[in-house]
Amino acid sequence: MKFKHFFIFEPKAWVGEGIITLNMVEERLNFFTKWSVKEPDFAGKIISVQELQISGISENMRNELTFFDFTDDKFSVEMENLNIGRVVGTGVFDEKMIAWEFRENDLSFEGYETYHIQKDGGYLMHAEYVTSDQFRTQIDGKLWLPPKNEESKDEVNEEEEEEPEE
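Be aware that the sequence shown starts at 1, since it is given in this note's numbering, and climbs by one per residue.
Because the hints were derived from the structure by calculation, they are not lab data.
Note that the coordinates shown come from a computational prediction; the quantities given were computed from them, not determined experimentally.
Treat the hints with caution; some may be incorrect.
As the list claims (entries may be wrong) - Straight-line alpha carbon distances no greater than 27 Å define the calculated BS3-like cross-link-like pairs of lysine-lysine that follow:
id	residue 1	residue 2
1	K148	K74
2	K96	K12
3	K34	K142
4	K74	K38
5	K4	K148
6	K148	K119
7	K119	K142
8	K96	K119
9	K142	K96
10	K12	K34
11	K142	K74
Given these sequences and hints, build the entire structure.
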């Protein structure tokens, strides 16, 4: 049943938005995110890139996530970014949810993310992370497939018109 989910399991681009709460800043920050999920490689690994743009923070954040070792309801995940380095975790999924967690690692970085599928095919997400110095991050948001832009529709129409009729 894993292929009921398009997020992670299908090569697609996703966009999203939400609120990030940092315990070191006494405010809630809006964020915008873009995910790019690639085709699985020959070993079944799925590589994805998540970019986060957080209001009030000039530098975008980039996470590279690789999903692998899939079974009927579990998988492994590796996340790498400039701030924490590389961390490996475990994930689970069923027909309504995808989730993963990172814990008990050498980086003193722990946390989890959950993605609940919605009727429109998008996802509501929640994440919490904590570091050894007690910086806590809580994220609540939603993800969706962006609408196909008008330009790509026009290109398809032009290609159809150019084909010779027999």
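**Request:** Run the structure past the numbered hints and jot down the numbers of the failing ones, going up.
**Result:** Number 1 - this is the single hint that the structure violates.
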